[in-house]
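Asks: Residues per chain are reported as follows:
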Amino acid sequence: MITLTIDGKELTIEDGKTLLDAARENGIDIPTICFHEATTANALCRICVVEVEGQRALQPACIVKAATSMKVQTRSEKVIRARRTILEMLASTLDLSESLEIQNMMHDYGASSSRFPDAERRESDVKDDNPMYVRDYSKCLLCWRCVQVCADDAQYTFAINFTGRGFETQIGTFFDKAIPETSCVLCGQCVGVCPTGALKPKREFLLEQGMSPNEISVLNTGRKRRK
Amino acid sequence: MINPDRITTTTCPYCGVGCTLQLHVKDDFIFKVTSPFDSPVNHGNLCVKGRFGYDFIYHPKRTLTPLVRRYLLEGKPKPEGREQVFAVSTDGSSISNSLISNLWDWVETDWDTALNITADKLTEIYKRDGSDAMAVYCCAKATNEDNYLLQKMYRALFRTNNVDHCTRLCHAGSVVALQLAVGSSAMSNTASQVIQNDVFIVTGSNTSENHPIIALQMKDAVQKYGAKMIVIDPRRIDLVNMAEMWLPLKPGTNVPVFSAMAHVIVKEELINWEFVKSRTEGFDDFVESLEKFTPEYAEEISGVPAEDIRKAARLYATAKNGAIYWGMGISQLSHGTASAMALIHLAFLAGHIGREGTGLNPLRGQNNVQGASDMGAMPFHYPGYMRVDNPDNRAKWEKTWNIEAGGLSLKLGLTTTEILSHAHEGGVRALYIMGENPMMSEPNLNVTRHHMEQLEFIVSQDIFINESGAYADVFLPATPFAEKDGTFSNTDRRVQRVRAAQPPRGDSRPDWQIICDLALRLESKLSVATAKWTYANPEEILREMGSVNSDYAGITYDRIDKVGLIYPVPDLNHPGTPTLFKESFPRGRGKFHQLDYVPVREEADDEYPFILTTGRLLEHWHGGTMTRNSALNEAYPEARVEIHPADAEIHGIRNGDPVKIQSRRGEVFVRATVTEKTSVGVVFLPWHFHEAAANLLTNDALDPQALIPEFKACAVQVFPARQSDLANPDVVVQRGRY
Numbered sequence: 001m002i003t004l005t006i007d008g009k010e011l012t013i014e015d016g017k018t019l020l021d022a023a024r025e026n027g028i029d030i031p032t033i034c035f036h037e038a039t040t041a042n043a044l045c046r047i048c049v050v051e052v053e054g055q056r057a058l059q060p061a062c063i064v065k066a067a068t069s070m071k072v073q074t075r076s077e078k079v080i081r082a083r084r085t086i087l088e089m090l091a092s093t094l095d096l097s098e099s100l101e102i103q104n105m106m107h108d109y110g111a112s113s114s115r116f117p118d119a120e121r122r123e124s125d126v127k128d129d130n131p132m133y134v135r136d137y138s139k140c141l142l143c144w145r146c147v148q149v150c151a152d153d154a155q156y157t158f159a160i161n162f163t164g165r166g167f168e169t170q171i172g173t174f175f176d177k178a179i180p181e182t183s184c185v186l187c188g189q190c191v192g193v194c195p196t197g198a199l200k201p202k203r204e205f206l207l208e209q210g211m212s213p214n215e216i217s218v219l220n221t222g223r224k225r226r227k
Numbered sequence: 001m002i003n004p005d006r007i008t009t010t011t012c013p014y015c016g017v018g019c020t021l022q023l024h025v026k027d028d029f030i031f032k033v034t035s036p037f038d039s040p041v042n043h044g045n046l047c048v049k050g051r052f053g054y055d056f057i058y059h060p061k062r063t064l065t066p067l068v069r070r071y072l073l074e075g076k077p078k079p080e081g082r083e084q085v086f087a088v089s090t091d092g093s094s095i096s097n098s099l100i101s102n103l104w105d106w107v108e109t110d111w112d113t114a115l116n117i118t119a120d121k122l123t124e125i126y127k128r129d130g131s132d133a134m135a136v137y138c139c140a141k142a143t144n145e146d147n148y149l150l151q152k153m154y155r156a157l158f159r160t161n162n163v164d165h166c167t168r169l170c171h172a173g174s175v176v177a178l179q180l181a182v183g184s185s186a187m188s189n190t191a192s193q194v195i196q197n198d199v200f201i202v203t204g205s206n207t208s209e210n211h212p213i214i215a216l217q218m219k220d221a222v223q224k225y226g227a228k229m230i231v232i233d234p235r236r237i238d239l240v241n242m243a244e245m246w247l248p249l250k251p252g253t254n255v256p257v258f259s260a261m262a263h264v265i266v267k268e269e270l271i272n273w274e275f276v277k278s279r280t281e282g283f284d285d286f287v288e289s290l291e292k293f294t295p296e297y298a299e300e301i302s303g304v305p306a307e308d309i310r311k312a313a314r315l316y317a318t319a320k321n322g323a324i325y326w327g328m329g330i331s332q333l334s335h336g337t338a339s340a341m342a343l344i345h346l347a348f349l350a351g352h353i354g355r356e357g358t359g360l361n362p363l364r365g366q367n368n369v370q371g372a373s374d375m376g377a378m379p380f381h382y383p384g385y386m387r388v389d390n391p392d393n394r395a396k397w398e399k400t401w402n403i404e405a406g407g408l409s410l411k412l413g414l415t416t417t418e419i420l421s422h423a424h425e426g427g428v429r430a431l432y433i434m435g436e437n438p439m440m441s442e443p444n445l446n447v448t449r450h451h452m453e454q455l456e457f458i459v460s461q462d463i464f465i466n467e468s469g470a471y472a473d474v475f476l477p478a479t480p481f482a483e484k485d486g487t488f489s490n491t492d493r494r495v496q497r498v499r500a501a502q503p504p505r506g507d508s509r510p511d512w513q514i515i516c517d518l519a520l521r522l523e524s525k526l527s528v529a530t531a532k533w534t535y536a537n538p539e540e541i542l543r544e545m546g547s548v549n550s551d552y553a554g555i556t557y558d559r560i561d562k563v564g565l566i567y568p569v570p571d572l573n574h575p576g577t578p579t580l581f582k583e584s585f586p587r588g589r590g591k592f593h594q595l596d597y598v599p600v601r602e603e604a605d606d607e608y609p610f611i612l613t614t615g616r617l618l619e620h621w622h623g624g625t626m627t628r629n630s631a632l633n634e635a636y637p638e639a640r641v642e643i644h645p646a647d648a649e650i651h652g653i654r655n656g657d658p659v660k661i662q663s664r665r666g667e668v669f670v671r672a673t674v675t676e677k678t679s680v681g682v683v684f685l686p687w688h689f690h691e692a693a694a695n696l697l698t699n700d701a702l703d704p705q706a707l708i709p710e711f712k713a714c715a716v717q718v719f720p721a722r723q724s725d726l727a728n729p730d731v732v733v734q735r736g737r738y
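As given, the protein sequences belong to chains A and B, one line each in that order.
Those letters in the first sequence? Residues 1 to 227, per the numbering used here, in order.
Those letters in the second sequence? Residues 1 to 738, per the numbering used here, in order.
You may find that some hints are simply not true.
[Unchecked claim] Capping the alpha-carbon separation at 30 Å, the derived lysine-lysine pairs in DSS-like fashion look like this:
no. : chain 1 : residue 1 : chain 2 : residue 2
1   : B       : K591      : B       : K320
2   : B       : K121      : B       : K292
3   : B       : K78       : B       : K292
4   : B       : K562      : B       : K228
5   : B       : K224      : A       : K65
6   : A       : K177      : B       : K677
7   : B       : K224      : A       : K17
8   : B       : K127      : B       : K78
9   : B       : K267      : B       : K277
10  : A       : K127      : B       : K26
11  : B       : K224      : B       : K311
12  : A       : K17       : B       : K562
Just so you know, the hints here were simulated from the structure itself, not pulled from any lab data.
Bound-form chain A, shown alone (with noise of 0.2 Å):
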């Protein structure tokens, strides 16, 4: 076991547990973005920084491991300043409409949306390739769980990776080729987590479009259309 300070607290949790996990199971908040209790924990988002006496730059608490004596500040000045850019690069960036949680933050952190009005968008056409689901990457923040269930944390298929680099960074197939051409198999584990509604089922996505359940319902029957 372990013991250690969280906000004044001092808390004993197992050996082997982030600095996420025993805030949480402490009842004290701690932002997440990227984190997915299903998923590997790569702390990209960053919105999970703490600070901890002695380390000079913020430490994100999805990976960090707790330890003996640690003394650690979840809400400190420097967190908040830190999280409320964070915030403010993402919505200056991209679509956030469906990320209802990063609308919340946003309030809560008193982000500003127009804090970087120069900000070049992340925008790109909504991929439509398979009969599944659909992919809109303007709203894509990059949390990469949606690679990480494509692979070992779920489904082994490895369908899909980063691409680009830097501000081009996205999420891609091999070869850009379309899905049904690629490894995938449909399975929509990755619609399954995507925090910002960048990955939907096709069904949803159509119904948002202002079609009707019947318009729908009709599209595919007519198979003779794939060529």
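Based on the hints, put chain B in the right spot on chain A.
Replies: Just chain B, lined up with the frame of chain A:
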């Protein structure tokens, strides 16, 4: 983003894994399916069918109104023969072309008319020809409650045990072998124990496509828990990529390969003596019968190198926890029972049964094939596997169903395949089909068609007019899983809730309500006392069944509201039984049987040089009633035959070329996929596609004990064909997956 009106938690209607689904509904339209990450079976993971394959519910071809043939509606005599008709007359006008008598038209009607006609015809045939003329196919897709009621209707009202369902076509060989050897036929351990295996054998199961979520757990076991997987299968299936060993045996050579492994375990003294001595019987005779099964003998027959057989046997026998998972490749043979028995012997010899992380695990195909079997939808058993020829069992059900003493039949009923082969004058005259599709799922369909034509009266209770329903006289529109309440029992005996997400569409009704309504009408026409057909809800049906079947005695809807219970659950406080046979087997000691190698009934020869093996695809389900009417069909719209590159070259066949596959019984036209996934001399064809039905080719040879047909091996020839020979030349599947 669509905000759902409600989210209904239910159980997936496809395979036996039993994943938890959350149906997101807006305006009575399911637009999304999710799964909770704490779901006990699937941990939030789903496959393409579970997550996306529910749209058949809204398909315009779904039948939402009761239908009867015009001859019945107009009170005319049944015209000669029997016509397969899919089109429906919605306004009573004639729809048939000049080739077909319009007396065969399907005409929409109301429930009273359809059920009264059904009751009249069934009563007439029963009164005239007796119990043996009546037969019913229950349904492994329907709920426990639906199946219990339908077998009750036939047993209580028509006094016949001619009750069976598609279990006969999938795991009958495994069921019989397990009943003989241990006295119980379900999976001994749960699928979630896969990660506790140190070594496990997967054989005759393309788990990644047919039980996708169990395959994920197998992959986890290998990748994250250090287990070693041995794949024994004629095809280079996806799991081979992660296997320690792959033993590519010729189809139908299971008995020599498994017996040679047993031979090695015996000869190299890897036997778990403690287990063999304390838990089994018949060992000495068995060992004697093993003498000839040397690895070299097995190599000669199966093509698997003797050294690999030795290595696999050592791996499995010396593991701390070894387990076996198997599928149709074991049971769907004319020696399916012997195949499964040979596997059971391995578990006995190594003592890999009765502990967690071990076991004999036949992966059950349908969502509720375990449950339908538990409910007595079988010709030899009442619910709870109580033999029908035992007067004590009979007395229990007579009491429950309010039947006079000695009223129920002691005579064993006909099996699925026998019901149709007995369809002639003096045999079966009326067949009631709930949800099944024999015109796709029976072997040698040209003969099946002939049998269907011989029947005097057919009732189809289904959601679509499928290939079999198109032969029926009356069509009763039932509801799919999302429009009814009840329970399914999955492959590892977990009884889980099924919940309605929306009201029945159109005039369709849940199966249990249709059966109760019809049974009451039958009772009044037969002038018999009521066996009880009024239930306020499906739970009352399950409780009635559980009052006699002790496996389900402790199951209430309340107890399985959040997570299911794994039966046996003998009382209301019992926590369920994930691992069977810890202390003993239901029959006492496990029994070794002496086996012999019997080749498949039809071997390759000069005229038909290939062995055809049939199977399933990830995107489709069995006869296709659901998945061919879904976006899943867009994902995989055509049948493809897999042929090895060496064979393809000899026959001048390139990838994608149209070919004709011909057996002694029929022929189909499909495109070829040239791939090393199949072995030299073996071609593979999925059986979901009516336009190229694999079962036109298959052999209707039966296993003598289980009466399961030999779907996994028959002899065929492959010829190049033209694009124009294909049923839909412009439909081309585009898939890059395994």
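Asks: Now look at each hint and say whether the structure bears it out.
Replies: Hints and how they fare:
1. As the CA atoms of K591 of chain B and K320 of chain B are separated by approximately 23 Å, the hinted pair is consistent with the 30 Å bound.
2. Our distance criterion of 30 Å between C-alpha atoms is broken by K121 of chain B and K292 of chain B, whose separation comes to about 57 Å.
3. Note on K78 of chain B and K292 of chain B: the hinted pairing is violated, with a Cα-Cα distance of about 59 Å set against a maximum of 30 Å.
4. For a cut-off of 30 Å, the pair hint linking K562 of chain B to K228 of chain B is broken: about 34 Å separates their Cα positions.
5. A threshold of 30 Å between alpha carbons decides the hint, and for K224 of chain B with K65 of chain A the separation of about 21 Å falls inside it, so the pair holds.
6. Distance hint between K177 of chain A and K677 of chain B is fulfilled; the C-alpha atoms sit about 23 Å from each other, no more than 30 Å.
7. With a CA separation close to 19 Å, the supplied pair K224 of chain B and K17 of chain A stays within the 30 Å bound.
8. This hinted pair checks out: K127 of chain B and K78 of chain B have alpha carbons roughly 18 Å apart, not beyond 30 Å.
9. With a CA separation close to 17 Å, the supplied pair K267 of chain B and K277 of chain B stays within the 30 Å bound.
10. Pair hint K127 of chain A plus K26 of chain B holds up; C-alpha atoms about 24 Å apart against a cutoff of 30 Å.
11. Of the supplied pair hints, the one linking K224 of chain B and K311 of chain B holds, its CA atoms being roughly 23 Å apart against a limit of 30 Å.
12. Restraint check for K17 of chain A and K562 of chain B: satisfied, since their Cα atoms lie roughly 28 Å apart, inside the 30 Å limit.
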